[in-house]
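Going line by line, the protein sequences match chains A and B.
Take the first sequence: its letter number 15 is residue 15 in the numbering used here, and every next letter is one higher.
Take the second sequence: its letter number 191 is residue 191 in the numbering used here, and every next letter is one higher.
Simulated from the structure, these hints should not be mistaken for laboratory data.
Heads up, none of these hints are tricks.
Computed, partial: chain B to chain A, Cβ under 7 Å:
| # | residue |
| --- | --- |
| 1 | T63 |
| 2 | N377 |
| 3 | G390 |
Incomplete in silico selection of chain B near chain A, CB under 10 Å:
| # | residue |
| --- | --- |
| 4 | L35 |
| 5 | S97 |
| 6 | Q363 |
Restraint-style ranges between C-beta atoms, simulated for each label pair:
| # | chain 1 | residue 1 | chain 2 | residue 2 | range |
| --- | --- | --- | --- | --- | --- |
| 7 | B | E37 | A | S63 | 10 to 20 Å |
| 8 | A | P102 | B | G421 | 32 to 42 Å |
| 9 | A | T40 | B | Y297 | 26 to 36 Å |
Beta carbons: idealized from backbone N, C-alpha and C, even for Gly.
So you can see what is in the structure, the chains are spelled out below.
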Amino acid sequence: MMTTTKPQPLRQLLLGCALLLSATAAVAESNRADGEQVYTRVCGHCHEAGVGPVIKGRNLPPSYITAIVRHGFRAMPAFRSAFIDDASLQAVAEYVGNSPAPGNKGKGKE
Amino acid sequence: MSQQTNKVLPQGVAESDFRAALEQFRALLGAENVLVESEQLVSYTKIMMPGDVARNTPSAAVTATSVEQVQGVVRICNRYRIPVWTVSTGNNFGYGSAAPGQRGQIVLDLKKMNRILHIDAELGTALVEPGVTYQQLYDYLQEHDIPLMLSFPAPSAIASPLGNTMDRGVGYTPYGEHFLMQCGMELVLANGEIYRTGMGGVEGDNAWQVFKWGYGPTLDGMFTQANYGICTKLGFWLMPKPPVSMPIEIKFEEDTDISDIVEFIRPLRLAQVIPNAVVIAGVIWEAATCNTTRAQYTTEPGATPDSILKQIQKDKNLGAWNVYACLYGTREQVEVNLNIVRGALQQLGKGKLVTEEEAGGTQPFDYRAKLMTGVPNLQEFGLYNWRGGGGSMWFAPVSQARGSECDKQYGLAKQILNKHGLDYVGEFIVGWRDMHHVIDVLYDRTDDDERARAEACFNELLDEFEKRGYAVYRVNTQFQERVAQSYGTTKRRVEHALKRALDPNNILAPGKSGIDLNNGFEL
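Looking at chain B on its own, in the form it has when it is part of the complex:
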């Protein structure tokens, strides 16, 4: 058996202890599921964040295939005080990929736990393991002719419903706020015990996937974006496939239109005339997802001039802002709602409505239609070709669904990005009363100068937004401590107390969302 390692050790762990732990992992999981050599670990170090990869290099990666094995891994980690970073499918690009949050943490890779445990076609519920992908779930529904529709983020084909929901990701259907649709979790706690939320602790119960709250404190939220337990099963709701789905796009000519667009959309969304998580996408987002690259228009470094963006808008027949919405129901219901949308648009006096027939299968309409009707694809990765070079960070401040607020955030983000020689590549995803303002900070990671500018830019975005009372809802692992600071010290002390109570050896993903027994926030 190989004793070779990649020479990175978990923080504060003696080499002899690490080797002893590895032997126990091998006995538990089989040698083939304990990766320690550099060549085996290289896939865990492909990141899109600007920091040096050394800060996210694991000491080892272990693969579990059952809940019992996860319990065993946690027990070994406790015995030797080894910090363990868990990934499901590990494809959370732009937020950290499959790399651990801190150097030397071992990765617990749950991709091989990929069973669809339960689908209830009548109640519209699913129960899955961490390694299940949306594509796998989609194929399963198709093969078994089950009339339920998935909601997923754009990297659907290779992303995990469990991972996305635990990170409070969003999708584009009426079920787009994924954590809202979550119902029942199973967690392996740091002491190896298994905890089921909601109705899951009741012997003989069959309502775990249909009633969220159970009895007493409802703790599900505490385990999301957190490090208090390892989620090994997740229940969630699936929308019945409607008889008719009608995706539409509304193009707006000017980037100053954003405020009016939001005021136009909000009442329709609140009244559920448009029931899905509507998107308002900016021009570069649109251009990149119909396979337009920056290099096709300019080789000058820095921010892309507005004159070029206007040219792209014209050449590719795009709006400066592009609204994607979908209407669902019977033909009659869809028609009624479409007429309401048309009426509101007429009152607004601008905006061009495009139907699926008019779009004729072209991008980006085609992939947006698929996202809104639950068909997996990866077309949105076209974003990564805009500048190329594999650098991406999601800057995702929350905003009220109010025109003046969105306008303010857009202007501020664009000004800061441009100052650092980067572009505003953003979209607003409309929740019910909020906006996830999602901006892809794209840069060439192979260019040291651009990498440094991107890092400085991200820091400035966080700082300047914070000064105005804005904070992000999610962030990549490089900035997780920084963002925790935005949410105040009381929250951090509460989180620290929970961590100390549930994970006294600080083994579960220390540093996740800034929660770490070493962060000095004792209550």
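Extracted from the complex, chain A is given alone in its bound form:
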């Protein structure tokens, strides 16, 4: 089976192997503007697992969250705009700020 992903324009290639790449076009990372999705796929790995502090349910201001994400804080890494753009970061900050506390604090995430 050869998997095919959504079409992208074929790029001009200076060397060979165009056949391989043209047979299956590329897929880029899905739209990150969904705050919940970003939280689940990135933030939640630590903040729902007892590794990072619980950040939901604390009414944290989005401006505080975005500043910590961009600067990092102690063990919390900094995330660049290339990793998460401003709009997606704002979305996840608002999602976190408006979410109730998780029911399953400190336990391993499944």
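Given the coordinates of chain A, assemble chain B onto it according to the supplied hints.
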């Protein structure tokens, strides 16, 4: 358009030239992809190394979204002699993060080049761009119901397969030696040309991701942990998902057991009874990854006393050493191999085998099981909470897979760490005949005294291990020149000659692994 910059210039570059280069970057990439203001660059300066952040502050960061743009960036850098440090996802924590190796280098950030270019479900191959994460790849395989399994390092969810492989990182499955599973690279050279390794240069070829060697010299290795080209595509192999995966843990009571454990594991690993990159994790590693912090047990500064470590071991039901292995195959195959492991353990006369059912979803078994079966998570970042304060350096000496050697390295590392008031937080990752002895030198980076001790400790670890014939396989950017010294001057002269031939203007990541036309190692 803003002309403001953060006032750091690339070394030896006049401000007028730098400004001219920035204008050309903006024309090539769009203004939004050329970052120069301090507030925009702050994310590139979050490091876990002990040195002052000033030494790793970039002059700018630029983001490319295509191979053609990478070629354009390299051409501009050549025109103005601007050194450029490339990152993929930039999350190589403890090895340098997204900060450049030297002050003033611009960062070429490839996170936005994040296309999965090709997955071949039958042949078990992948071809990806630098910004693809293991999580993205995992989601893709899940969504398309492709029965292939990933191998990744612990920061899986946010790390790059391309970046990890180019840095010769390791994972925990049978495909855990990632560079061994690499097959085909595309590189943008310093002169802007595109070079494909292996079969990649043959017009019409479709074997680029299945045959590594191609024809004549096989150069892939030369581009890893190096600065001879910018990798823009990487091919690698994925393991077919087995019908059954059975993760197991074996707990050992005493820290003096390490030698016996290695002697017990090696034949099983060499014979592929246990096919994966087995881990032998020390007690603090285990404690931290089940969310135990040092502060829960003591507020005294310095090394944590052995009596407390024993208490933690008891409280958290851990071993002094904890072996994680996984058996894969059909139910029958797994059963046969499990019986062989049980038999060897019985012969050894110590060690308690724990199954996934017995562990019951608790940490750290749960995250180890996920690492060994290709499910992304970030549970291991619990290490950073042991002392807190965001300081981490990986000290990773290579060892033979021989009990006496591992025992010797463990004893030496612990003694040096404790002398500097720090803890031994380590694990051995079993290759086929080698051990990656991986030690996280954890310290509070916000405490100046502890930061200085950590730096002194790391220097002493490198020195004392070197005296005994040991060297690390990888290191953070602060110590890259120091570690290059361990590997001898002939190697450095060869590397210098290659650098001069391929990158005469010394623009690609000068200083990476100690390779720099200014290092005086002319052949």
